[in-house]
Amino acid sequence: MSYDVTAVGESELPVQPAGLKAVGAQKQIEGKSPWVLALRRLRRDRTAMICLGVMVLIAACAIGAPIFATITGHGNMEQFSTIGRTAAGQPIGPNGTFWLGTDDLGRDLLVRIAYGARVSLFVGVVATAVTVIGGTVIGLASGYFGGVIDSILARFMDWLLAVPFLLFAIALFSVAVQKPIFGFIGPGLPIVIIVLGFFGWASVGRLVRGQVLSIKEKEYIEAARALGAGPWRIMFIDILPNLLAPLIVYSTLLVPATIVGEATLSFLGVGVQPPTADWGQMISTASSMFLYGPWWYLVFPSLALLITTLAFNIFGDGVRDAFDPRGDLYV
Amino acid sequence: MSTETTRSAAGDGDVLLRVENLVKRFPVKSGRLLPTEREYVHAVEDVSLEVRRGETLGLVGETGCGKSTLARCAARLYPLTSGKIYFDGQDITNLSPRRMRPLRREIQMIFQDPYGSLNPRRRVGSIIGDPFAIHRTARGEDRKRKVQHLMELVGLNPEHYNRFPAEFSGGQRQRIGVARALAFEPKLIICDEPVSALDVSIQAQILNLLSDLQRDLGLTYIFIAHDLSVVRHVSNHVAVMYLGKIVEESPVDGMWAHPRHPYTDALLSAVPLPDPDHAQQRERIILAGDVPSPIHPPSGCRFHPRCPKARPTCVSTEPELINRLGDDADHRAACHFPVQDGEDISLSTPSIAEDQRVIESGLIAGA
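Chains as they are written, first to last, in the numbering used here: chain Z, 1 to 331; chain R, 1 to 367.
Rather than coming from a laboratory, the hints here were simulated on the basis of the structure. Check before you lean on any hint, since a few could be wrong.
Unchecked claim - These stretches of chain R come out as covered by chain Z in the derived footprint (C-beta under 8 Å, 3 or more residues):
| no. | segment |
| --- | --- |
| 1 | 109-123 |
| 2 | 141-151 |
What the hints assert, rightly or not - Below 35 Å or equal to it, Euclidean Cα-Cα: the simulated DSBU-like pairs (lysine-lysine) are:
| no. | chain 1 | residue 1 | chain 2 | residue 2 |
| --- | --- | --- | --- | --- |
| 3 | Z | K32 | R | K144 |
| 4 | Z | K179 | R | K84 |
| 5 | Z | K179 | R | K144 |
| 6 | R | K146 | Z | K32 |
| 7 | R | K84 | Z | K32 |
| 8 | Z | K32 | Z | K216 |
The beta-carbon is built from N, C-alpha and C at its ideal position, and this holds for glycine as well.
Kindly produce the complete structure, drawing on both the sequences and the hints.
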């Protein structure tokens, strides 16, 4: 007989059987880490798993966008001014050639939406990564070192959260159009990521700082200090693992918010620039002609955005439930 | 870990840790942006004590009297406001973190809360292996072997190396804390209420473990507790603290036989007795009022607002911690009117008017 903790099954606290020493002498006894437990809870969450499937599908569409172009035979930027538009120059509705219809320039909407997913997901992931990494490092430093460093960083975060983000983005855009900021931040994707990252990290920073403030008073931090551990070791080996759960939860919920943020900027014309396919931009153009008939031009990009953010959000909720069954995180 | 003969035998009287005139004040934050007038919690005021090699010094007192702060200052976890600390003859008061690092191996702590003192996200093996990782003395298989040896030493199953703290009971967790503290065969272990969070039966196990280890490894302990019977069981010397000061200090038998400070007397009278007949005959000394705020401690003797024997002198003059009433040389009490043998202080009444007593209400600092 061998003792296998995974055999304890659904019970999350393995019971130590009697006579353990005798029977399990050569068997490694390994407790299930909180991550394994969380992943198991997540796997059992059917809604979250469906959303994960949807997310994978969207990611596949984004990566495989050229496949759509090959199947339909319509390029991403290709304008079909004769077959893709009515005699009056209006977009045409869904049909056998253009499955989701065309846009105002006679481009295939399906292919454009698939390419748009690339921008959305790319910005969603990259800007979130910038936000979370920046916020974590600054929040850790602010919370752990305290004192003057904390006062300065915390006040800066407060200030950042008070700045109207859209106005700032629009102002920054008009500057970047004149001349790239610092020589390389031109209008388009770079500025979107910079703006979203710059305004996003403060909320992560505050979350991390708050957690650090409570964790650093724990006795195990004092124990580490008594053992002679330096500040870096304490921050990254003792404190950071306790922050990963809230950070993962926050990140999964931040991705859809960032996607919406990117769509908002592009909708306002200060985000991704034409002719690059982008959902926010399509919704913006479509909303001006929506009343004249081409409903598909508005509905399909909006649906794509809706489904994406919904899937990410519901999945994020599932992740939170899995990582934090007791509801300790204030995310 | 083997018993080394180089360690001096218990009770040879040489001093391992000496604390001189230690003062620790914590600033009380006031004002959000601009700091206004600063106030201080007087957590430890002018405390001097000695811990002899191989012995156990018991530190007792109520919650908030400064015993944990004193211990953490002695371990150099908190910076001192003033005072000196000598460890093994060396002045360690102002050592830089870098110079302090080798000494961290010699002074270790065991904490009160077996749940709070172990990082819940890390496996037991890596928690106990921390000392080796931090000081880079062992890695890989070597570290694992050492950790498992430590686990065996404190009575844990070494095969539980890869478990998480949450999978252990309170007593087992406290053993993990002990194992971590033992990693470098320290000279001094500061036990900050190591058993007060445990069940009585588990308390006995941990206390026995600690005394076995002391015997086998020649350890010196500072043992903080508020349970006097525990302190009596483990200590050679006892120091009683009240509001940041030591009010009485003595070998353990002298303290129980002749408590000189009214506060000590009151504490001892509160210890539950196992014999109900005996317990009924005894007069409990009930102290009036609460512990005053350590931000504005009372003048003179800090105990005077609650002392049944208080006189006007107690309000005006601070008593020295000296030998009283012809006790043994190392029995010292800080009281102008020490308790006589056989005196029942529950019959005394203070001879100062209520309005003369300096009682400050307000914040009471945590231990």
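Hints, one by one, checked against the model:
Counting residues of the segment 109-123 of chain R whose beta-carbon sits less than 8 Å from any beta-carbon of chain Z gives 12, enough to reach three: the coverage restraint holds. Counting residues of the segment 141-151 of chain R whose C-beta lies closer than 8 Å to any C-beta of chain Z gives 0; at least three are required, and the coverage claim is violated. Note on K32(Z) and K144(R): the hinted pairing holds, with a Cα-Cα distance of about 19 Å set against a maximum of 35 Å. Between K179(Z) and K84(R), the direct Cα distance comes to roughly 62 Å. Violation of the 35 Å bound is thereby established for this hinted pair.
A hinted pair counts as satisfied when its Cα atoms are at most 35 Å apart, and K179(Z) with K144(R) does not qualify at roughly 59 Å. For the given pair, K146(R) sits about 23 Å from K32(Z) by alpha-carbon distance, which is consistent with the 35 Å threshold. Taking the CA atoms of K84(R) and K32(Z), the gap is about 47 Å. The hint is violated against a cut of 35 Å. A distance of roughly 25 Å separates the Cα atoms of K32(Z) and K216(Z); the hinted pair therefore holds under the 35 Å criterion.
Going through the hint list in order, the structure does not satisfy hints 2, 4, 5, 7.
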